[in-house]
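The residues making up each chain are set out below.
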Amino acid sequence: MIESQRHSYHLVDPSPWPISGSLGALATTVGGVMYMHSFQGGATLLSLGLLFILYTMFVWWRDVLRESTLEGHHTKVVQLGLRYGFILFIVSEVMFFFAFFWAFFHSSLAPTVEIGGIWPPKGIGVLDPWEIPFLNTLILLSSGAAVTWAHHAILAGKEKRAVYALAATVLLALVFTGFQGMEYYQAPFTISDSIYGSTFFLATGFHGFHVIIGTLFLIICGIRQYLGHLTKEHHVGFEAAAWYWHFVDVVWLFLFVSIYWWGGI
Amino acid sequence: MAISMMRSALLRNSLRTASKPSAPTRRGFSSSAHHDDAYEAAKWEKIAYLGAATCTILAIYNLSKGHPHYETPPEYPYLHIRNKEFPWELAGEDMMPISNIAQNCMVVFFFVFLVCVEINSLSQFQYFKPVLGSVHLFLEIFDA
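Chains P and Y, in that order, are what the protein sequence lines are. If you read the first sequence in this note's numbering, its first letter stands for residue 1, the second for the next number, and so on. If you read the second sequence in this note's numbering, its first letter stands for residue 1, the second for the next number, and so on.
Quick caveat, the hints were computed from the structure, so don't treat them as lab data. One or more hints might be untrue.
To be verified - One-sided and incomplete, this derived list gives chain Y residues near chain P with beta-carbon spacing under 8 Å:
1) Glu40
2) Gly66
3) Tyr70
4) Pro73
5) Tyr76
6) Tyr78
7) Ile81
8) Pro97
9) Ser99
10) Val107
11) Phe111
As the list claims (entries may be wrong) - Here are the simulated DSBU-like pairs of lysine-lysine, each with C-alpha atoms no more than 35 Å apart in a straight line:
12) Lys160(P) with Lys46(Y)
13) Lys232(P) with Lys46(Y)
14) Lys232(P) with Lys76(P)
15) Lys122(P) with Lys232(P)
16) Lys76(P) with Lys46(Y)
We put the CB at the ideal spot given by N, CA and C, even for glycine.
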């Protein structure tokens, strides 16, 4: 830490990443609209924008890791702020998924005459919840147990075991994504098959996307644990990844009970 | 009546336990270091293995069963909705042209991207700060 600092707050240095991330988001939005309306160059701008965002994410988080480890800016006070920030982020994610459940229950509790007045709509063959979806529930719950194992291993100072536990968590996460991919491939309906397909793939697709993000987050934690970045007293990055993973797990439980099980009867 | 009796019994019980001086209140947060983490790690390791083993058996059972065949439904208007071509099905002449201004904007955008990459390589210099800081401290000590 800089020797003249007489407080425990982290006053960040000027950084080009907020503006580069904003430009990336702008290009992604404009490029996405152009692509979906079949404008020339839409695909190019969309790819450029996504590349820009991925690049920004990499360098920004690389800077945060350096501020935490090499520069030692993440004091107890800063760690508390990071935790609050991450909790608020998860709350916003809950609201994001709340909207999809709202759309689902709006359409399924009082099915319109246009879809035959029944749920699932007439002509939709649904997936059996007790086959792959139930297996996926167990896989996610097991990976939740594995991430708790990793947490206690970190707290107990067992560095190698924590890496193994994180590897087990990531492995289970990848198996979940694989089964979801298989299920999507074999599904008898698509996103363009009535409001059932739309709500089903919107909700489960965004969940799957969040599982992939959570998996990447856990992989980064595993690498950082291997490199010795995480200690008994200071492992905010891991805690955030574990909270995020439990959040993804809970969303799946709601998806399983309401969309796969109740919505398929 | 039954509910009120139950409530008073519950209240009595809670008062009895609360009055005991030998009952310390413990908060079981996962982040608190009061319990043995090595024990907890071993316990959760077993639970994770048990879960993974169950998943493996269930996966083998599910995959060996084969997937069901669905009948093709009648052509209801709400199924298989297609209102326009997919963007990847169109090419060249079929696509909407864009103005030169928009094309130039994309070139400028790419230039900004390159500038950001350049700023990034320059920003590596901030890691000389601890070195400069210690030089500064050294000079200060000498001055005093």
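Right, here's what the structure says about each hint:
1. Glu40: holds (4 Å)
2. Gly66: violated (11 Å)
3. Tyr70: Cβ of Tyr70(Y) sits 4 Å from chain P, so the hint holds.
4. Pro73: Constraint on Pro73(Y) satisfied, holds at 3 Å.
5. Tyr76: Tyr76(Y) check passes; min Cβ-Cβ to chain P is 5 Å, inside 8 Å.
6. Tyr78: holds (4 Å)
7. Ile81: Result: holds, 5 Å to nearest chain P Cβ.
8. Pro97: Holds, because the Cβ-Cβ distance from Pro97(Y) to chain P comes to roughly 6 Å (cut-off 8 Å).
9. Ser99: Check failed: Cβ of Ser99(Y) comes no nearer than 10 Å to chain P, outside 8 Å.
10. Val107: Hint violated; Val107(Y) Cβ to chain P Cβ min 11 Å, cut 8 Å.
11. Phe111: With Cβ-Cβ at 11 Å, over 8 Å, it is violated.
12. Lys160(P) with Lys46(Y): At roughly 17 Å apart (the allowed maximum being 35 Å), Lys46(Y) and Lys160(P) satisfy the hint.
13. Lys232(P) with Lys46(Y): With a Cα-Cα distance of about 22 Å, the restraint between Lys232(P) and Lys46(Y) holds, given a limit of 35 Å.
14. Lys232(P) with Lys76(P): Since the Cα atoms of Lys232(P) and Lys76(P) sit roughly 13 Å apart, the hinted pair holds (cutoff 35 Å).
15. Lys122(P) with Lys232(P): This hinted pair is violated, its Cα atoms lying about 56 Å apart.
16. Lys76(P) with Lys46(Y): holds (33 Å)
In the structure shown, a violation is registered for the earlier hints numbered 2, 9, 10, 11, 15, in ascending order.
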